[in-house]
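J.: Residue numbers (the numbering used here): 4 to 299.
Wrong hints could be hidden among the right ones.
Cut-off 25 Å, straight-line C-alpha distance, at most; resulting in silico cross-link-like pairs (DSS-like, lysine-lysine) [what the hints assert, rightly or not]:
1) K44 x K56
2) K210 x K226
3) K7 x K57
4) K78 x K195
5) K241 x K195
6) K7 x K118
7) K217 x K134
8) K125 x K104
9) K146 x K100
10) K100 x K57
11) K115 x K241
12) K206 x K217
13) K56 x K103
14) K115 x K78
15) K44 x K115
16) K217 x K44
17) K226 x K269
18) K20 x K57
19) K44 x K146
20) K7 x K44
Pair ranges (Cβ atoms, derived) [what the hints assert, rightly or not]:
21) P33 x N183: 24 to 34 Å
22) N113 x A240: 21 to 31 Å
23) Y239 x L119: 32 to 42 Å
24) Y239 x N116: 35 to 45 Å
25) N161 x S243: 25 to 35 Å
26) K290 x E185: 15 to 25 Å
27) K78 x N229: 11 to 21 Å
28) G54 x R114: 32 to 42 Å
29) G54 x K269: 52 to 62 Å
30) S131 x N161: 20 to 30 Å
The hints are simulated quantities; they were obtained by calculation from the structure and are not laboratory data.
Every residue, glycine too, gets a C-beta built ideally from N, C-alpha and C.
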Amino acid sequence: MFPKTQQITSSLLKEKKIKLYLKRIDENCPYVSGNKIYKLKYNIDYILNKGYKKVLTFGGAYSNHILATAYIANKFNLSSTGIIRGNEVLPLNPTLKLAKKYGMNLIYFNRKNYKLLTQYQKLTLIPSEYKESYILPEGGTNKLAVRGTQEILDLLDNQDYICCSVGTGGTISGLINSSNQEQNILGFPAIKGISLLEENIIKWSDKSNWKLIKGYHFGGYSKFDNNLSDFIMEFYAKYSISLDMVYTGKMMYGIFDLINKDFFPKNSSILAIHTGGLQGNLGMNIKFGLDLPHNF
4 MFPKTQQITS
14 SLLKEKKIKL
24 YLKRIDENCP
34 YVSGNKIYKL
44 KYNIDYILNK
54 GYKKVLTFGG
64 AYSNHILATA
74 YIANKFNLSS
84 TGIIRGNEVL
94 PLNPTLKLAK
104 KYGMNLIYFN
114 RKNYKLLTQY
124 QKLTLIPSEY
134 KESYILPEGG
144 TNKLAVRGTQ
154 EILDLLDNQD
164 YICCSVGTGG
174 TISGLINSSN
184 QEQNILGFPA
194 IKGISLLEEN
204 IIKWSDKSNW
214 KLIKGYHFGG
224 YSKFDNNLSD
234 FIMEFYAKYS
244 ISLDMVYTGK
254 MMYGIFDLIN
264 KDFFPKNSSI
274 LAIHTGGLQG
284 NLGMNIKFGL
294 DLPHNF
């Protein structure tokens, strides 16, 4: 994996004397997109070495992780099951349709039981026939995932600020661990409640050079307004770079807003990580009548 780094230019950046770069890990694979290939890398090694035949994981109806797990499991001849938050909605959206295409068995949990299962580890809710599966947490985040995301940055990534979107905390933890102490790691949460998220980052990371930037979640997962959708369309028109509505789009919106508000000192350099997730744009287009760029 040798992702390119692309400089972003604009009159605002020139005026504020800021250099902004985008690391394009979104280009590695449309199905195991962006950070997902890093998070699954050592988990798959472990699964194969220990002889597991089944994988079980969790996610929402538009989850990048659900699709990535289905694709990778199929590639390595593993049986996969996804526990999906919420009730089944037919016809299936493109994310779940693709997950089924790659052999994933989908089980739907109401939001109360899903929360008990994912946040409070009430594993007794898992049907007995799946108890022998290797269990991947929601978002694929565990110690092995963080080991993988530590490989996103390389020696040339010496910018003053490293920015990423944050869902379950695995990617930002890896970035923190592989960063220099002098660098500032900024996370842009896609969710409103971040207390558990902060606890997880503290648990998985080994430095204190990070901060979560609140206020750019737009209401939570899959929530947005016209400001965000317009920004994503304008960004694509100007740079020919697709952003997703759930993660990277919100982060980039936040970065430009912070630059405009002089959050970053003059002559700062920023590296933003494009964590992929573009597969979800097609489903968002269908559900909300949008025309977001996507990779299918």
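J.: All hints, please: hold or fail.
T.: Structure-based check of all given hints:
1. K44 x K56: holds (17 Å)
2. K210 x K226: violated (31 Å)
3. K7 x K57: Violated, at about 34 Å.
4. K78 x K195: Roughly 35 Å between the alpha carbons, so the hint for K78 and K195 is violated.
5. K241 x K195: violated (30 Å)
6. K7 x K118: Between K7 and K118 the Cα gap is close to 37 Å, so the pair fails against 25 Å, i.e. violated.
7. K217 x K134: Violated: K217 and K134 sit about 38 Å apart, past 25 Å.
8. K125 x K104: Measuring from Cα to Cα gives roughly 29 Å; hence the hint is violated.
9. K146 x K100: violated (30 Å)
10. K100 x K57: holds (20 Å)
11. K115 x K241: violated (42 Å)
12. K206 x K217: The given pair, whose Cα atoms are some 20 Å apart, holds under the 25 Å limit.
13. K56 x K103: This hinted pair holds, its Cα atoms lying about 18 Å apart.
14. K115 x K78: violated (33 Å)
15. K44 x K115: violated (31 Å)
16. K217 x K44: violated (30 Å)
17. K226 x K269: violated (32 Å)
18. K20 x K57: violated (52 Å)
19. K44 x K146: With Cα atoms ~12 Å apart, K44 and K146 stay inside 25 Å; holds.
20. K7 x K44: Within the cut-off at roughly 20 Å; holds.
21. P33 x N183: 24 to 34 Å: holds (32 Å)
22. N113 x A240: 21 to 31 Å: Hint violated: Cβ distance 40 Å, outside 21 to 31 Å.
23. Y239 x L119: 32 to 42 Å: Once the Cβ atoms are compared, 39 Å apart, the range 32 to 42 Å for L119 and Y239 holds.
24. Y239 x N116: 35 to 45 Å: Distance hint for Y239, N116 holds at roughly 38 Å.
25. N161 x S243: 25 to 35 Å: At 26 Å between Cβs, range holds.
26. K290 x E185: 15 to 25 Å: violated (43 Å)
27. K78 x N229: 11 to 21 Å: violated (39 Å)
28. G54 x R114: 32 to 42 Å: Because 34 Å falls inside the window, the suggested range holds.
29. G54 x K269: 52 to 62 Å: Since G54 and K269 have Cβ atoms about 56 Å apart, the given range 52 to 62 Å holds.
30. S131 x N161: 20 to 30 Å: violated (51 Å)
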